[in-house]
Amino acid sequence: MRVVLAEDLFLLRDGLVRMLEAYDFEIAAAVESGPELTRALAELRPDVAVVDVRLPPSHTDEGLQCALAARRARPGLPVLVLSQHVEQLYARELLADGDGGVGYLLKDRVFEAEQFIDAVRRVAGGGTAMDPQVISQLLSRRAADKPLGGLTPREAEVLELMAQGRSNTAIAGALVVTERAIAKHTSNIFAKLGLPVSDDDNRRVLAVLAYLDHGR
Amino acid sequence: MGIERRQSGLGTALREAVLAGVRGLGLAVLVPVGSITLFVCAVLSIAFILLGVGVFTTPYVLTAVRAHADRRRLLAADWADVRIPSSYRPFPPDLRRGVTGRVERCALMVKDPATWRDLRWLLADMTAGWITAFLPAALTVYAVEGLVIAAGLWHVLADTGYWYAFVPVGGQASALAAGALGLVLLGLGALYGPALLRFHFTFTRSVLAPDRAGEMTRRIAALTESRHAAVDTSASELRRIERDLHDGAQARLVAMGMDLGTVEALIERDPAKAKAMLAQARRSSADALTELRDLVRGIHPPVLAERGLGDAVKALALRFPLESEVTVDLPGRAEAPVESAAYFAVSELLANTAKHSGADRVWVDLAHRGGALRINVTDNGSGGAAASAGSGLSGVERRIGTFDGVLAVSSPVGGPTMVTMEIPCELS
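Read top to bottom, the protein sequences are chains A and B. The numbering used here runs 23 ahead of the 1-based position in the first sequence. The numbering used here runs 241 ahead of the 1-based position in the second sequence.
Treat the hints with caution; some may be incorrect.
To give an idea of the interface, some chain B residues facing chain A are shown, with a C-beta separation under 7 Å as derived from the structure [claimed, not checked]:
#, residue
1, A527
2, R534
3, P543
Honestly, the hints are just simulated from the structure, not real lab data. Cβ atoms here follow ideal geometry from the backbone N, Cα and C, with glycine treated the same way.
Assemble the whole structure, with the sequences as input and the hints as a guide.
So, in structure tokens, the structure goes:
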């Protein structure tokens, strides 16, 4: 799987390259600025891009803007955005086109190599990987509202993991229960939220986020 | 106002003339009563300071005088668009209570040059001010009298040798002449009534407003105060950052170093334990990062740096527990310190709202109008908020005061609360 990596800090870029290579990814390019990233994405057409939000020369949200522009040019281009901090505003912008294949993670998540690589693979496969911090903020904000208030604590837990982009199998693993139990929880959640049941991982996350967004 | 007047027809001009007349009449009746009473009371009260009684009555009387003057300032702005600056010295926050406090208050008020300006104004207001207010009223009233005479009142007046201006009222013909004159006067009133009323307020301003030197003194005092506030705020901010670093990230990094040292010692003897300690070290590093991140957000929020005020406030609202609506109309970005002050002011206002107002909805409006950043924060809560000393609002006021910003609060008990801030600045 070919990866384009954009990160301006040399140490982190180097570390990411080594980590990705250790998990059998092919590094098509490792760049350090916005214009380079735009060029690399257009020319190399990678399977997935891993991008830092803040990039030179402007040192603002240039990485995010480049990623969004690249996705406009090539809808569904898988992009995993890394950031020193997570903002719902940015998460919404990434999810806005509804094409899937996006991720938005705190940089610290690379500490957990296995989980990070899992997220990259999920995004490359058209799924989503949202940082638990974004999700828990969303959920706690909406906790007072009735439909979510109607969820049992366990269902809320499942919803949180589901919203991060995990599959039923992964959720079952994380909560140490059977996959059947998770399937039951998910259908309960969908019923309580009034969402049609779907097997598509990506669509169900978008549906959950769309629901959470609803009414703002 | 100006545009409306230019577009207006004869009807509107007449209505304005009548309005000016009525307002002038109101002023002409109320002005001397209020001003004379207050002037006499104030002079007597100040004279009685020597006898001791005045010390206790003077603050009350002078407060009434100030209220009277403030009411006129309000009318001037409402009726004639004349702005009269007010320049009363604020009381120091550590004013004592009881008898000493009373005496101090009295001394402070008597020493304030604005008090003497007020008294001078009262004197001018009951004489020249009265005449300038009476003129537009008299013009309208007298014009109406002429019309009434023409309409039939001349029957009664014909035998009394009554003169309407220079017209002796003797029969229908002369009554019609009086009516014509009345019409002319009404026309004059329509032409000059509002201007005359405005003249009254301009006159009031010339007497009541502080002179250049006074204005300067006030400005210097305000600047000194805001500089103190800025220095205080940044010093305490630095202390907070230092403490947070010391207790948070720094401590965690030390703990991490110790854990790693232990790992070094254990790695051969007890690999399992070493592995557990390594996991703990990694958790410490993650926690340290989280704390540093929060600290950065407290100093200069990332979205503010990356996107500017509009999106930063939107992001803030997303994290806010209440239902919120943000509208942004900013064609560019303000200077970083202004953006930062505005952001933290909004952040503090929102926190206040969440804590005290009992609201479930908040509206935030950001716009740039007339060379100033204008921010409105409105909630549907129970109201009763005040910008008094010690409240969160006064903190916000100090924060934006550094940039010559002003804050106005409208919060009647029962709600809603609307806080408006204006910070002069240019956008780039």
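Checked hints:
The interface hint given for A527 (chain B) holds, since its Cβ lies 5 Å from the closest Cβ of chain A, which is under the 7 Å cut-off. Taking 7 Å as the C-beta cut-off, the interface hint given for R534 (chain B) holds, the closest approach to chain A being about 5 Å. Interface hint status for P543 (chain B): upheld, as the beta-carbon distance to the closest one in chain A is roughly 5 Å, under 7 Å.
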